[in-house]
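Top to bottom, those sequences are chains A and B. So for the first sequence, the numbering used here puts the first residue at 1451; every next one is plus one. So for the second sequence, the numbering used here puts the first residue at 38; every next one is plus one.
Just so you know, these hints were derived from the structure itself, not from any lab. Take these hints with a grain of salt, some might be off.
[Said to hold, decoys possible] Below, simulated BS3-like cross-link-like pairs (lysine-lysine); rule was C-alpha separation at most 30 angstroms, straight line:
{"#": "1", "chain 1": "B", "residue 1": "Lys380", "chain 2": "B", "residue 2": "Lys271"}
{"#": "2", "chain 1": "A", "residue 1": "Lys1733", "chain 2": "A", "residue 2": "Lys1667"}
{"#": "3", "chain 1": "B", "residue 1": "Lys135", "chain 2": "A", "residue 2": "Lys1667"}
{"#": "4", "chain 1": "A", "residue 1": "Lys1571", "chain 2": "B", "residue 2": "Lys73"}
{"#": "5", "chain 1": "B", "residue 1": "Lys224", "chain 2": "B", "residue 2": "Lys193"}
{"#": "6", "chain 1": "A", "residue 1": "Lys1571", "chain 2": "B", "residue 2": "Lys135"}
{"#": "7", "chain 1": "B", "residue 1": "Lys372", "chain 2": "B", "residue 2": "Lys193"}
{"#": "8", "chain 1": "B", "residue 1": "Lys193", "chain 2": "B", "residue 2": "Lys255"}
{"#": "9", "chain 1": "B", "residue 1": "Lys73", "chain 2": "B", "residue 2": "Lys103"}
{"#": "10", "chain 1": "A", "residue 1": "Lys1724", "chain 2": "B", "residue 2": "Lys193"}
{"#": "11", "chain 1": "B", "residue 1": "Lys135", "chain 2": "B", "residue 2": "Lys255"}
{"#": "12", "chain 1": "B", "residue 1": "Lys103", "chain 2": "A", "residue 2": "Lys1724"}
{"#": "13", "chain 1": "B", "residue 1": "Lys255", "chain 2": "B", "residue 2": "Lys271"}
{"#": "14", "chain 1": "B", "residue 1": "Lys271", "chain 2": "B", "residue 2": "Lys372"}
{"#": "15", "chain 1": "B", "residue 1": "Lys73", "chain 2": "B", "residue 2": "Lys86"}
{"#": "16", "chain 1": "B", "residue 1": "Lys103", "chain 2": "B", "residue 2": "Lys371"}
{"#": "17", "chain 1": "B", "residue 1": "Lys380", "chain 2": "B", "residue 2": "Lys73"}
{"#": "18", "chain 1": "B", "residue 1": "Lys193", "chain 2": "A", "residue 2": "Lys1733"}
{"#": "19", "chain 1": "B", "residue 1": "Lys363", "chain 2": "B", "residue 2": "Lys73"}
{"#": "20", "chain 1": "B", "residue 1": "Lys193", "chain 2": "B", "residue 2": "Lys371"}
{"#": "21", "chain 1": "B", "residue 1": "Lys224", "chain 2": "A", "residue 2": "Lys1571"}
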Amino acid sequence: MGSDVWIGGGGVICGIGDNLPECIDAFRRMSTGAGVMENLSSALRSSFPVVEVKADNFTLAARAGLPSHISRTALLSLIAAREAWESTGLGDIRNYRVGFVSANTVGGMDKTEDFFAEYMKDPQQGHLHQVVNHECGSITELVADALGIRHHVTTISTACSSGANALMYGSRLIRNNMVDVVIAGGTDALTRFTLNGFNTLMILDTESSRPFDDTRKGLNLGEGAGYVVLVKDELSEVLRRGPWCRLSGFANANDAYHQTASSPDGTGNYLAMKGALEMSGLKPEQIDYINLHGTGTQNNDSAEGLAIDRLFAPHYPQVSSTKSFTGHTLGASGGIEAVFSAMAVREGYIYPNANFTTRMKEVPFSPVTGFSEGNKIQHVMSNSFGFGGNCSSLIFSMSTEG
Amino acid sequence: MNIYIQGTGCVSPLETAAEGPFPVVVNPSYEGARLKVSDPDYKQWIDIKQIRRMSRIIKMGVAAAKLSLAEASVEMPDAIITGTAYGCLDDTGVFLTKMISQNEEMLTPTSFIQSTHNTVAGQIALMLNCHAYNNTFVHKGFSFESALLDSIMILKEGNSRHILMGAMDELTNHSFNIISRFNRFKKEPVTHTELLQSTTHGTVAGEGAACFVLGTEKSDSAMARLTGLTTSYKPGSTAEIAADIIAFLAVHEIAQEDIDLLITGRNGDVEGDTWYDHVERTLFPNQAVGCFKHLCGEYPTAASFGMWAGCKVLSSGQVPADVLFKGKAPEKIKKILIYNHYKETHHSLILLTGC
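Given these sequences and hints, build the entire structure.
Laid out in structure tokens, this is it:
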């Protein structure tokens, strides 16, 4: 039904780059982002490396054109969303029916946790401007208002798969002719709340994370934002340099196993990937590259690996986890990795998986360890799995393919 | 394609957590400017060992979900879609305060795990062993409406028979205290019979969960058709929203006179209610008007309670006296328009038709 949905542009800010070209350059140079935290203030500073965006809030606010007391989640979001829009060459955003579908998991928690320190001493204390944008939806509206988007504005939060679900919903909005264009993706800033939360789950690595490696010990938390611009058929022709690729398939399934852990055989992961293939009408062997969820935890990587084995054997595509560079950016990761995946189709990039030495016992394949370009890539799958059993897969396809 | 509401479930400040008609006794107990959910016996739906670990929003959400599935006689939905503006505030508050008071040491995972916004949808999937599509919208006063739109778009694709969808928000002591500091709530004592006539600023805080089973078949339990939904973000004026309503009715080929009952999100806030005054006066001067926020309180997903109330009106053919705000209910009620706004920013229109 309805229009095909094309990727007309993209933007990213994360710990390996302030924009998409910088991120690609970091992959090329094998320059990973994990390090000692400089912007977040936490008692865990010396315990765990993080992948921070290398700029304080004043610098980000100046770039975004927002006040510096605004949540970092919104600052990151606006910078990436604006880059995404500008990359399309579509001009004045007010000329189109535009949707903004942004995912996040922390909302304005970075400010709320400062507020609560004061509020807990005295319930009449704490600056209200620190909590006024606590809600996830507030972050989205700050950015929508700054960009001048009014037609459709919403926020999705399904833990680590949030950003991918934003693309699905955005695609449906276009196919139902509710809007012409959707800026879809996600954002999340590092907070003490999430860092401590993941620490209680004992899944943070004290060193740089090693996704899909047998010696993996956990994930590094990161931060950032990433958005693609989804456009309908008619607009794909007026894009500055044509569409990057087509969002040809997607699926969302639930693992229904545990609130945080993946089922040992990755049931939800398997169902999401299989569903996305069915929607795109592709056979497993047609997928050229999978951008893995690949967090670096024992549980995720073995569940995801086994699900890939079950679905793709014996035709394993090339796979890698770009989280080995960016860290796990939670609600942003689905958006950031969608941009990387769409770029992979457009430019023939295969991204490296850093810090890899030893193949996992569970699966007969290994991730790609070096950056390459000029590959002939028709179809790329992007996986995002998370708490609550939420599993999502997206497929990006070369525009010439049916 | 028609979309039918095949089952509903509601946990609210009223005794709504039972199948059947709108409660006969309506006496929500206001504690100052705060309305709390009247907790049903959750053991009906949830294993007692799990109940101990669950915060109220999870219990309310699971109860409403299970009630709606039972009413629709659906065991396994083809999608689970929720909306919650604030998410799991209680667990968030627990983890946050411990993190601060214990200087980021000796924390335990339970409240963090249960603090994520998709906890309720994930718990429902887990309890039903449901591997289907699962999504959660967290957009302030559009959280419920976005979940509803996602459901409609998925049903239109034709691969799903039943979608379990709903919205839930909980009020905690922290959230009530903090939102009170923004002067959002009444300072003076007020009762549910007086709230809607109030001439002062502010409203009463509320909470609740309402779930619906939507499907494309007119099942035995179907009580209404969901015939239309639209939202407007930050409309510039009452004239703009009035034009939106006229356009919305035109899309659905309905004349203003065809609306038998207008249900509004009137909440007793003298400023916010001017939107409803304008729409009632200019577009529906002769129609009966119903209200619901004096019964459930104001919260970002309260429109879900409004839709639940609309379903009860259509299934019984009667407007409960406590819902009727203005005018006389017609003999036969076929079409209901629900107009709600949250903080004058998020405006939504939901059109229900009897079946």
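key: Which numbered hints fail   = 2, 5, 11, 13
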